[in-house]
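Visitor: Residue numbers (this note's numbering), protein chains in the order written: chain Y, 1 to 310; chain C, 1 to 199.
Derived from the structure by calculation, the hints contain no laboratory data.
Remember, it's a predicted structure, so these values are computed and weren't measured experimentally.
Beta carbons are placed, not taken as given, at the ideal position from N, Cα and C, and that holds for glycine.
Wrong hints could be hidden among the right ones.
Distance condition first, Cα-Cα at most 20 Å in a straight line; then the derived DMTMM-like pairs of lysine to aspartate or glutamate [to be verified]:
1. C:K191 - C:D2
2. Y:K149 - C:E176
3. Y:K260 - Y:D276
4. Y:K152 - C:E176
5. C:K22 - Y:E67
6. Y:K152 - C:D48
7. C:K22 - Y:D168
8. C:K32 - C:E73
9. C:K22 - Y:D276
Derived, one-sided and incomplete: chain C residues facing chain Y with beta-carbon distance under 10 Å [what the hints assert, rightly or not]:
10. E10
11. A12
12. F19
13. S30
14. K140
15. L141
16. H142
17. V146
18. R151
19. Y161
20. L178
21. H180
22. E181
23. I183
24. E185
25. G187
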Amino acid sequence: MPVLLPYLYTGGVYKHGLLIELLEDLGGYVIQKVVTGTEVNLIMLIPERDVDILKKQSDELLGVMIEAPLTGVEIAVVSPTLASHHLPHSACDVAEYLRHPGANTNMIGLARGMGRRVSLSMDYERRLVNEHDIAVFTFGSFSDCIINKKPKLFEGIEIPIVVTGGPDLKTEEVPGADLYVGNLGRTSHRLRKTEEIDALNKLNEGVGNIADNIRKQQAKDPLAVIPARAMKEIENQVPEIHSVLSPAPLTLQLNGVRVKLPYDEFHKKIESLEFDEGVILSELANISRSTMKNYILIKIKSKSDVGFAI
Amino acid sequence: MDSLETFIVESAIASEQEFYRKIVEDNIASLKLALAIGRIRVVLRPEDSLFQMVMILRDIGTKVTMSDIADIEAKPVAGEMIISIKKEQYIPELLGKLWERYGKANISQPDRWTVAISTDRPEEEAAFLQEMMVADPKHKLHENLVDFAIRVTPEGFRVRYHLYKGNSFIFVASEEALKHEWIEEAGAMLKELREGGRK
Numbered sequence: 001m002p003v004l005l006p007y008l009y010t011g012g013v014y015k016h017g018l019l020i021e022l023l024e025d026l027g028g029y030v031i032q033k034v035v036t037g038t039e040v041n042l043i044m045l046i047p048e049r050d051v052d053i054l055k056k057q058s059d060e061l062l063g064v065m066i067e068a069p070l071t072g073v074e075i076a077v078v079s080p081t082l083a084s085h086h087l088p089h090s091a092c093d094v095a096e097y098l099r100h101p102g103a104n105t106n107m108i109g110l111a112r113g114m115g116r117r118v119s120l121s122m123d124y125e126r127r128l129v130n131e132h133d134i135a136v137f138t139f140g141s142f143s144d145c146i147i148n149k150k151p152k153l154f155e156g157i158e159i160p161i162v163v164t165g166g167p168d169l170k171t172e173e174v175p176g177a178d179l180y181v182g183n184l185g186r187t188s189h190r191l192r193k194t195e196e197i198d199a200l201n202k203l204n205e206g207v208g209n210i211a212d213n214i215r216k217q218q219a220k221d222p223l224a225v226i227p228a229r230a231m232k233e234i235e236n237q238v239p240e241i242h243s244v245l246s247p248a249p250l251t252l253q254l255n256g257v258r259v260k261l262p263y264d265e266f267h268k269k270i271e272s273l274e275f276d277e278g279v280i281l282s283e284l285a286n287i288s289r290s291t292m293k294n295y296i297l298i299k300i301k302s303k304s305d306v307g308f309a310i
Numbered sequence: 001m002d003s004l005e006t007f008i009v010e011s012a013i014a015s016e017q018e019f020y021r022k023i024v025e026d027n028i029a030s031l032k033l034a035l036a037i038g039r040i041r042v043v044l045r046p047e048d049s050l051f052q053m054v055m056i057l058r059d060i061g062t063k064v065t066m067s068d069i070a071d072i073e074a075k076p077v078a079g080e081m082i083i084s085i086k087k088e089q090y091i092p093e094l095l096g097k098l099w100e101r102y103g104k105a106n107i108s109q110p111d112r113w114t115v116a117i118s119t120d121r122p123e124e125e126a127a128f129l130q131e132m133m134v135a136d137p138k139h140k141l142h143e144n145l146v147d148f149a150i151r152v153t154p155e156g157f158r159v160r161y162h163l164y165k166g167n168s169f170i171f172v173a174s175e176e177a178l179k180h181e182w183i184e185e186a187g188a189m190l191k192e193l194r195e196g197g198r199k
């Protein structure tokens with residue numbers, strides 16, 4: 001199986017179809033296409049050896065192609081609540097910045113996450129967070145809270161946890177966190193100062209490393225089918241997905257796909273999705289009702305589970 | 001008293017103090033309270049879940065009447081009044097009051113500085129409008145102060161005490177039941193602030 005590299009193409013709408021056709025001919029995948037006015041943003045997975053060919057085409061179209069290391073990663077940005085204390089700054093700024101390298105982010109505001117003694121998370125919220133690849137918790141400015149009180153919100157979270165906060169702490173000081181990024185505490189202004197942007201860059205880099213580690217772990221026991229291929233098949237075989245208005249109707253994860261179609265109506269169709277090799281998707285993946293709205297969540301099994309990979 | 005002549009934010013850890021000062025600054029700016037606050041002192045004790053804030057307010061002017069912000073001309077023959085605006089900043093409040101009294105259909109704005117009202121009794125109405133109160137900055141200030149206090153308080157601190165008396169404002173918030181000493185402490189802080197405050 002060729003190694004696929006994530007790239008982001010930004011350029012004009014004119015003739016961008018050429019690039020998509022070339023990519024599909026080479027066996028790559030378009031993950032997301034966003035057209036804004038006369039500009040188009042394409043997030044793509046490109047076979048490693050063909051990157052130069054696509055770069056040439058992109059240069060011809062006068063577009064820019066850059067690496068997007070967080071492509072195919074769905075991140076939960078968890079804020080203690082959705083009150084004006086945390087939004088739009090800094091939680092939205094964090095979520096927006098994580099999207100630059102290609103991630104899909106969902107913002108989750110806990111119902112009762114605020115405070116020190118009283119903060120808690122509900123079972124439903126934990127299940128929702130666990131559906132993602134990585135969780136980013138955005139905390140405040142007090143080291144006492146971050147070290148002693150807030151980590152109880154991590155209970156029951158099974159995915160890697162990244163914490164942002166104001167004080168300059170070490171990751172080891174925050175119990176349960178896989179990464180701590182300082183200088184991103186509670187603010188009431190847009191993050192745009194040098195040190196704030198530096199912190200956001202550090203966050204992106206750290207999250208990128210965590211995603212790489214998950215990918216490396218996966219490479220030891222690869223998935224039965226790569227999520228991008230499952231996504232492509234859904235696009236081809238379930239035409240209703242094209243009329244979904246949500247952003248990213250098919251959201252790629254490191255080990256699955258979120259399909260933004262109602263479960264009851266479409267789960268049979270998704271389960272019986274057939275690949276060229278003759279296998280159907282339900283043999284390769286667990287398909288369940290997502291905690292997010294009524295969507296369908298596909299979690300692809302590993303090769304060792306299924307016994308073969310396509 | 002100058003605006004913000006004393007501005008103190010205290011917390012045990014210096015770097016956290018800086019963060020919090022920035023939050024207070026941003027909220028003062030976004031609620032446009034800088035001119036209204038003379039002296040302010042904020043004390044934070046996260047380990048006790050305690051937030052205390054005291055302020056001495058400046059005199060921010062009296063009620064604004066129509067004659068302060070606009071000229072009114074009655075036109076009995078045409079059955080209308082023309083209001084020429086002098087101070088634009090009160091237009092939202094003014095329009096709100098006019099809509100309530102005359103209805104939106106009878107009011108038009110040919111340009112930014114003019115409001116035309118059609119009415120049956122232009123002269124009497126013009127005399128009434130002349131004296132009408134358009135805005136009460138004091139009332140607005142109270143609203144903004146409460147909003148400000150809630151915005152700068154750490155979010156979980158939902159048990160609150162506030163006192164707005166004369167030109168002083170005390171706000172104490174915590175996550176636990178408020179202790180009497182905390183409010184007394186805030187009272188002492190206010191007294192200190194009134195005597196000139198610590199720079």
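Visitor: So, for every hint listed, does it hold in this structure?
Guide: Hint check:
no.	hint	result
1	C:K191 - C:D2	holds, 18 Å
2	Y:K149 - C:E176	holds, 15 Å
3	Y:K260 - Y:D276	violated, 24 Å
4	Y:K152 - C:E176	holds, 19 Å
5	C:K22 - Y:E67	violated, 35 Å
6	Y:K152 - C:D48	holds, 18 Å
7	C:K22 - Y:D168	holds, 17 Å
8	C:K32 - C:E73	violated, 33 Å
9	C:K22 - Y:D276	violated, 59 Å
10	E10	violated, 13 Å
11	A12	holds, 9 Å
12	F19	holds, 4 Å
13	S30	holds, 7 Å
14	K140	violated, 19 Å
15	L141	violated, 20 Å
16	H142	violated, 19 Å
17	V146	violated, 14 Å
18	R151	holds, 6 Å
19	Y161	violated, 17 Å
20	L178	violated, 15 Å
21	H180	violated, 20 Å
22	E181	violated, 20 Å
23	I183	violated, 20 Å
24	E185	violated, 20 Å
25	G187	violated, 25 Å
Against the hints set out earlier in the document, violations occur for numbers 3, 5, 8, 9, 10, 14, 15, 16, 17, 19, 20, 21, 22, 23, 24 and 25.
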